[in-house]
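Keeping their order, the protein sequence lines are chains A and B.
1 is the number of the first residue of the first sequence in my numbering; add one for each residue after it.
332 is the number of the first residue of the second sequence in my numbering; add one for each residue after it.
Derived by calculation from the structure, the hints in this document are not laboratory data.
Source: prediction; values computed, not measured.
Just to be clear, a hint being listed does not mean it is correct.
Capping the alpha-carbon separation at 27 Å, the derived lysine-lysine pairs in DSS-like fashion look like this [said to hold, decoys possible]:
{"id": "1", "chain 1": "A", "residue 1": "K194", "chain 2": "B", "residue 2": "K452"}
{"id": "2", "chain 1": "A", "residue 1": "K160", "chain 2": "A", "residue 2": "K194"}
{"id": "3", "chain 1": "A", "residue 1": "K193", "chain 2": "B", "residue 2": "K452"}
{"id": "4", "chain 1": "A", "residue 1": "K88", "chain 2": "B", "residue 2": "K452"}
{"id": "5", "chain 1": "A", "residue 1": "K158", "chain 2": "B", "residue 2": "K491"}
Here is how the chains run, residue by residue.
2 protein chains.
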Amino acid sequence: MQRKKSKIKSSADICHVGIDLLGSDTPPNELLEAVVAFKEQLEPFVQLTLFGLRDLAHTALPDGVFFHTASQIIEMEDDPLYAVRRKKDSSLYLGVQMLKEGHLDAFISSGNTGALMAASKLLLSTLPGVDRPALLTLLPTRKTEIAVLDVGANTSYKAKHLLQFALIGAAFQKSRGIDLPKVGLLNVGAEAKKGTPELRTVYESLKKMSSPPFLFIGNIEAREVFQGGIDVLVTDGFTGNVFLKTAEGIAVVILDELEESMREQEFSPLNLTLTKLRHHLHFAKYPGALLAGVDGIVIKCHSNASFDSVLSSITSAVRLTQHHFLDSIKN
Amino acid sequence: MQRKKSKIKSSADICHVGIDLLGSDTPPNELLEAVVAFKEQLEPFVQLTLFGLRDLAHTALPDGVFFHTASQIIEMEDDPLYAVRRKKDSSLYLGVQMLKEGHLDAFISSGNTGALMAASKLLLSTLPGVDRPALLTLLPTRKTEIAVLDVGANTSYKAKHLLQFALIGAAFQKSRGIDLPKVGLLNVGAEAKKGTPELRTVYESLKKMSSPPFLFIGNIEAREVFQGGIDVLVTDGFTGNVFLKTAEGIAVVILDELEESMREQEFSPLNLTLTKLRHHLHFAKYPGALLAGVDGIVIKCHSNASFDSVLSSITSAVRLTQHHFLDSIKN
């Protein structure tokens, strides 16, 4: 097999996903191998373009997998704005640029979050009515999966941004087949007067807006979220990031401790239960976070990106493309 | 046994703990019974005064347990300032008053958090150098227990308040025998520049202050907290409350789901593991939150207070008294 350069503009029939191999904690060659192995499980209409340095350019690739050579890497420590201005031949920048030009339908990166946001804001416009994009992630609960946003794009916010997040989150869940998504506002208590003055403003505004395209069910405490029952959890980027990482941290500790005690006992039926639960709850299984609110499908994976996160993001990107998420959010 | 009224000023030998039976989701008579049963497990020098309505005043009580009659209840929905002004014969207000007057060494309530804070701020002065009290709670990690504050007393804050919380938290851990407590600042990343402008100011100030009585180890992400290794986690009341309730919510869901699958399998050794883990991680086992920074030991339990939370708070109150926590924090 020969190395191919992606020159084809993606047609209605083909779903073309770009993957950044650089800038994360995972060695690029290992990520490449995992993606290539995963290609077989994908529908034939899915094509992949991998972005990496020249050293990987000569790897033999199967049909439908392309390689695009970059000469720069945006590192985790790089200042986002500096990186976006000075590293225009980086894998991250090139990927977003190809998305903008229509050569890709979606782009996935595990690199510098700030730089991915900056490049996306610079190259792809924000959608009508959206001032700021938000990072949106799907989390498991006892019942259905909940879309949480913002989980880290913005550490400061105004009330209007959280209202926009509610609309974006509702559009996302509609594209997943939920007709009238239930929206909750993350707060320290259920009563209307709880939280900061900004949150009280958001509460009142969401209450007025509550009607299709979504149903506002009020404030929700972090404790209740995992019981399930709502579809969209609205919060600011600082709180959402703490929420997400707390959930991840405690889940990892509990499952690890259980696994340790089970290893001592070697009782397989329960190991199976545990494996199932780990699969259900381990957040690395979840497809990273969607940079929602820009005119393009950009997904950010964990930077200590397990392969699972990248592979699951590919599936997620394909689904979002097939279900016309961007059109749904524009309407 | 006769009902006795607490008139004795607590001496150096006696540790006198007050318990509010009203204002929570737990029926007062059931809480009374649980406390009375628990009394036997306590050292003889611990005396308890229960605060409730007249209907419970005639219950037979063992030696060392007293009853103080209140005529009012501060409800969960009451406005804190209104309640404190108008309900001076409520169990909550009377308890804080008796603490101020030296009839009690500590007071425990599962009632209205805002009212408990308001009464404490009004009747007990804040400690020298402390502008605002904070709710402090101990959380389990993989290694040692961590003191987290503020977990909900204040939803807005300035940098100086978080510095005070660091000092209060360090004094608390010193009173538990940790010579040089390690203090971390909850943030969305480890780098100094992460988070809001206020957090960057707090980071720089803590770095300058870092020396005995504590060691500042920098920003810490929520994900890392449960791996253990730090003794005090400093955060604002909004973020801390979300952090605490997220941890609680996800732990409950995981342990419940595991318990369900195990019930089907009836395999006892693993049920034992699970029970141990639940005991280690279930946050209701933990002694509620200490209202730290006021001149008195006031503990707030979960409002859906399991008995465990109240009983464990009694033990905690006794320990704090015996270890002269207030003196330690004043120094």
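**Prompt:** Which hint numbers does the structure go against, in order from smallest to largest?
**Reply:** 4
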